[in-house]
Amino acid sequence: MDIQNHLESYNELIFSYFNSSLSKEDEKILIHWLNKDVANKNYFDECHEVWLSTKLKGAQKDFDSEEAFLRFKKKIKRTSSERYLLKRVSISLGKAAAVLLITFLLGVLAFSLAHKNKPGDLTYFTITVPGGSKTKMSLPDGTQVWLNSQSKLTYASNYNQTTREVKLEGEGYFKVAHDKKRPFLVNTSKITIRALGTEFNVKCYADEGLIEATLVTGSVKIEEIARKSNNKENSVILKPNEKLVFVKQTGKLYLKSDSLKTSQNQMIHPESPAIKEAREEKMIVKTIDPLPQIAWKEDKLVFTGENFDEIKAKLERWYGVTVQVSDSELISYHFKGSFEKETLEQALEALTLAAHFKYKIYKDHVTITK
Amino acid sequence: MNPMLGNKGLQLTSLNTFKQLFDDYYSMLCLVAYDMIKNKQLAEEIVDEVFINIWLKRESIEVYKSIRAYLVKSVQNRCINWLEQTKAERLLTESTFDIDTYEFVKWSEDYPLGNLLTIELQEKIEESIKTLPDQCRNIFLLSRNEELSYEKIASRLSISINTVKTQMKIALSRLRESLQDYLPLILFLLFR
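Chains as they are written, first to last, in numbering that gives the first Met the number 0: chain D, 0 to 369; chain W, 0 to 191.
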């Protein structure tokens, strides 16, 4: 048998494979044959290309490149570097405002001198997620990040050189690529979370009084930023299924991390007694079920007994709307439940079944009355 | 020939370049991803991520030879990562899934991706399909367009599975023959 005929005698197996119709036994034969000779694999690749090419026309309908490009543009719009921003600022200002611009640039320079060791060279990448949407992205080292709505993640061009440092405002879930040499740091306004290769959730919205970090696997070390500079290090090491709550506004600052560890199996709640204690102690660690904490990443909106105030905040972020609650009595209501693909209206409708209230949706605004 | 496939490192800095990349390769890349992971939405997400990633790294990235090969490789690597990551759960849920074989769907390192997967050649490919014998073409189109298994094709056309297999085999040979000019010349060079 000549070579061409030999190759073609495998056409049936090859085509069955592309069509997912190959039996297990035949699959073994095919794999054996493919491993035997690189020419066989090349012939297989060639057939593969022929097979795929016949499907390309259909693929153009299934996978719309115009739409994809719009998605792409929208996404990168939120990902502008500082340099790019400066360019745009200078264009829009015009000549008359040149003096102002110079003052502004001096200000930027002074700011960067004051805050950076190496000014000038760093470029910053920022990913901003607007209300009502979520995004998943990969950092240059392969670390995966899910960002919840109204969140912002910033990293500099020196990411992954000696450390892997990001700054987070809002809520993010991090699946850190393992790298012992370069620690992965999430900076929030008050605390830093340090990890080597692990999965954890961080919630630090500017308009909330708490910062929360939930560890799913691995181990992370959490340090208070203000304390670090006072060289009295204030840190806690989290184990899986533990959640740290940091209270931003605190009068007193004494803290011993060991004495803070409790193992009550309950949700942290700003109005619960546990947190009232924490207001004096600032950092508190609890053992919890991490799943509800990270449900947002799977597109699930979960309430685990929060009061209406928190639910209002969650709904606002989730759906990108503003919610006004006109009756203060409603605030004391607590809810449990989980939503997956429900629209705002469906979610509200479900909540009215649990508690008697009325709602009105007008554009991006929801009014809730008793 | 596409100007971006030249030998110089590709300049990936402008948005127009990316528009061109989307026009030329987006559908093809999604198809490559879909072929591996059999999920249309996920395929698009993976390709979207590849483009975003290139955009973020656009100043440090250097692509020599072919941006197309680079894109295909990135997409295939991501698909393999995804398949690896979800291996355990899919073994539980999908009885048909086989963990050993998906590596083969990836192009081998020394296989130069030919020219077939370009939009310009689609007319030519459709023509080639039209020249297949009637029964052969019907079977082929059912398999391609409706992704029917051989069994289903056989029962729909009231023919035997063996006939389906034989006809598919003929279809592949014929198509390869008529598209020979656009395939890389590996086989020819290897066996001369």
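Worth double-checking, as some hints may not be accurate.
[Claimed, not checked] In silico BS3-like links for lysine-lysine, alpha-carbon gap of 27 Å or less:
{"#": "1", "chain 1": "W", "residue 1": "K39", "chain 2": "D", "residue 2": "K340"}
{"#": "2", "chain 1": "D", "residue 1": "K238", "chain 2": "D", "residue 2": "K296"}
{"#": "3", "chain 1": "D", "residue 1": "K40", "chain 2": "W", "residue 2": "K168"}
{"#": "4", "chain 1": "D", "residue 1": "K72", "chain 2": "W", "residue 2": "K56"}
{"#": "5", "chain 1": "W", "residue 1": "K56", "chain 2": "D", "residue 2": "K35"}
Hints were generated in silico from the structure; no laboratory data involved.
Earlier hints that do not hold, by number: Violated hint: only 5; rest satisfied.
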